[in-house]
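Peer 1: This is what each chain is made of:
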Amino acid sequence: MSKYRLDYLDELEAEAIYILREVAGQFEKPALLFSGGKDSITLVRLAEKAFRPGKFPFPLVHIDTGHNFAETIAYRDKMIERIGEKLIIGHVQDSIDAGKAIEQTGKNASRNALQTVTLLDTIAANQFDACIGGARRDEEKARAKERIFSVRDEFGQWDPKRQRPELWDIYNGKIHKGENVRVFPISNWTELDVWNYIRREKIELPSIYFAHQRECITRNGQLMAASPFLNMDAEDIIETRNVRFRTVGDMTCTAAVESYAFEIDDIIEEISNSKISERGARMDDKVSEAAMEDRKKGGYF
Amino acid sequence: MKEKKHIPNPSQEGIRHHIEMDILKFITAGSVDDGKSTLIGRLLYDSEAILADQLEALHASNRKNDDGSIDLAILTDGLKAEREQGITIDVAYKYFETDKRKFIIADAPGHIQYTRNMVTGASNAGLAIILIDARKGVVEQTTRHSFLVSLLQIPQVVVCINKMDMVDYSEDVFNRIVADYKKLAAKVNINNVTFIPVSALKGDNIVYPSINMGWYLGDSLLSHLENVSIKIDDTSAHARLPVQWVVRPQTDELHDYRGYAGRVSSGAFRVGDSVTVLPSGFSSVISKLEIFDKHPQEVLAGMSVTVHLQDNIDISRGDIIVNSAGRPQLSNLIEADLCWMDTRPLDTTLTYLVQHNTKTVRCKIQEILYKVNINTLEKDYDEDFQLNDIGRIVIKTAEPLAFDPYQLNKANGGAIIIDSRTNVTVGALMLRQSVD
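One line per chain: the protein sequences are A and B, in this order. Quick note on numbering: my numbering labels position 173 of the first sequence as 173, and the sequence is numbered without any gaps. Quick note on numbering: my numbering labels position 216 of the second sequence as 216, and the sequence is numbered without any gaps.
Isolated chain A (complex conformation) (with noise of 0.2 Å):
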């Protein structure tokens, strides 16, 4: 007789996937949002424990800043050829050409900031009212009091203060015509947890997170991939590195880190012994010490 039991990772993906279902009965016209990077990828693995053998009660969207690793491209088109669901993307480039978003310019100049522009234009065009993300409350101080479900108005911006009570595992999904809501089932995994989940399932993963040699620089205290997309001058010095990334974001703004970890399981246990946040590693963050707040509350993921 075959009985389960509930450890901590089975107990973890019941709740996401109980909030999974609650999306797909809840709203209209829900999207999950995918970057290409674990987290993300973690949620479709999600989805389809969630609503297979049916099919997903929702696209996949990508917001593309065009300045993507090469590798979370090819990952993505790779899995949605797999999983043969719906792909939605959102230029950055587009909104920078129609004169909605403008390019930064000097040395630190990335289009992560944009994407906030493309994520609401897309959002807007397909009438999206629930937008399914990977954010995870052990990221940083301002998403500890994120709720799993997360009302936005219609510009995007998050009211901390205006945060609805979330009480025992029933969500709130009602919204007025405009607002949306954005949905984190994995809230309450930590970093450990999405990479212990990831080795039981035998999740593939874009090469980029495992230890590679690479050509970086070192800009404020931190290794960047060298790329035509980084600002570059005389003053940065090209090396060889062996690196892997802890998070996938945009070239310009996600460091790398010095790694050996070549497999899974070194991951593991360099997270176990890492002294330093996943966050740590992206400079987006250390702007201000309300970096984050101020950036979700103008309408970031």
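Mixed in with the good hints, there may be bad ones.
Said to hold, decoys possible - Distance condition first, Cα-Cα at most 20 Å in a straight line; then the derived DMTMM-like pairs of lysine to aspartate or glutamate:
#1 K294(B) to D10(A)
#2 K55(A) to D256(B)
#3 K100(B) to D7(A)
#4 K294(B) to D153(A)
#5 K202(A) to E298(B)
#6 K55(A) to D342(B)
#7 K25(B) to D10(A)
#8 K49(A) to E140(B)
#9 K136(B) to D33(B)
#10 K294(B) to E48(A)
#11 K49(A) to D33(B)
#12 K49(A) to E298(B)
#13 K174(A) to D419(B)
#14 K100(B) to D169(A)
#15 K177(A) to D419(B)
#16 K294(B) to E11(A)
#17 K100(B) to D10(A)
#18 K25(B) to E11(A)
#19 K174(A) to D342(B)
#20 K25(B) to D169(A)
#21 K25(B) to D77(A)
To be verified - Sample of chain B residues facing chain A (criterion: CB under 8 Å; computed from the structure):
#22 I23
#23 V91
#24 Y93
#25 Y95
#26 N124
#27 F195
#28 V247
#29 M303
#30 S304
#31 H308
#32 R317
#33 M341
#34 P345
#35 N423
Read the hints as simulated data drawn from the structure, not as lab findings. By construction, the Cβ of each residue, glycine as well, lies at the ideal position given by its N, Cα and C atoms.
Guided by the hints, dock chain B onto chain A, whose structure is given.
Peer 2: For chain B alone, coordinates are given in the frame of chain A:
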């Protein structure tokens, strides 16, 4: 990590009512003055749950204790507005783990104006830590916090008597407060209380056993949290599955596939069980259970599953599948405890929405029976139901709800009220019984 007393879990094989959870969610009740944030900060700091860059930010902060040591309370502060005002205004979630268990802390503010936040945090908690200032003993807010813990039916309670360093680590002070608290616990119907004397500021009995209180022989707080047993009810009599989604691929090869997807909210289902679908009342037998690619013979509370029935009956989201031998109450006139959570007062003439499990229907609060003064526990017959008020009401719903009394089955006894004008969640309901 550090050395800890290891209490092995006895084998659970064959014991049907003792399934251990591996994640413990707990709430801390207390106010800034009781050192609540310091206690959480100490728990995180001493259990080495703080990473280097967060620690760096902590040391770089300008906020220090009077003696110049780092103010650990900063670790639980979240939002800018809160930092400016120096208070916690919302529920913040913190995560840490030890070798034995994973923990989620719901850090809720303790002042009376934030009662709704505490109710929110308490709704999901498996354990509550109630903080008492050793210098002050059992005070009004202790009564309030204990009442809420009891109302929300948090199964385990730990009373931390804090600031023991300020009372010379006195055993007499501790014993006096324990005796006082036991009287209160009896009054509000709380069982299972563990008392721990601590100093969050100095670190006594939080993670490490105190060297200042040799008279205390119990566990440190962390050790208790690691070993406390949190059980779930997995009897088939209470088997409940609110249907969230019907999986119907409608492809050629899966033409007849029809699976009812949902999370078992309580109890256990087995293949072959006779089940009833409510509110329709149709019965059938479970033909297959699925968890993605697995086909277990039995599924338990907490699991997200897909159920197949022998008969083709009309089931949709909002229905609940229950064991035929243990049916919930089915009623559209229900007595309930209510916590009001909106700045607009309750309006008994207005139609609201009630969301119970996956079902949302119109409702009215037909009658306010009484309110409770949660500081004194006295009943109040004032009919004005404002933000943070708690009391007993009768709710009338447009369609019957299939519920269990909250005291017997939390998972199927809680519901929320939504104001259909604003779509905001305005009330928490603990359903009690059908009114004839």
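Peer 1: Run every hint past the structure and note whether it holds.
Peer 2: So, going through the hints one by one against the coordinates:
no., hint, result
1, K294(B) to D10(A), "13 Å, holds"
2, K55(A) to D256(B), "15 Å, holds"
3, K100(B) to D7(A), "12 Å, holds"
4, K294(B) to D153(A), "41 Å, violated"
5, K202(A) to E298(B), "25 Å, violated"
6, K55(A) to D342(B), "39 Å, violated"
7, K25(B) to D10(A), "16 Å, holds"
8, K49(A) to E140(B), "48 Å, violated"
9, K136(B) to D33(B), "11 Å, holds"
10, K294(B) to E48(A), "13 Å, holds"
11, K49(A) to D33(B), "46 Å, violated"
12, K49(A) to E298(B), "18 Å, holds"
13, K174(A) to D419(B), "10 Å, holds"
14, K100(B) to D169(A), "25 Å, violated"
15, K177(A) to D419(B), "16 Å, holds"
16, K294(B) to E11(A), "16 Å, holds"
17, K100(B) to D10(A), "16 Å, holds"
18, K25(B) to E11(A), "12 Å, holds"
19, K174(A) to D342(B), "16 Å, holds"
20, K25(B) to D169(A), "13 Å, holds"
21, K25(B) to D77(A), "39 Å, violated"
22, I23, "5 Å, holds"
23, V91, "7 Å, holds"
24, Y93, "5 Å, holds"
25, Y95, "5 Å, holds"
26, N124, "6 Å, holds"
27, F195, "28 Å, violated"
28, V247, "5 Å, holds"
29, M303, "5 Å, holds"
30, S304, "4 Å, holds"
31, H308, "12 Å, violated"
32, R317, "5 Å, holds"
33, M341, "5 Å, holds"
34, P345, "16 Å, violated"
35, N423, "4 Å, holds"
In the structure shown, a violation is registered for the earlier hints numbered 4, 5, 6, 8, 11, 14, 21, 27, 31 and 34, in ascending order.
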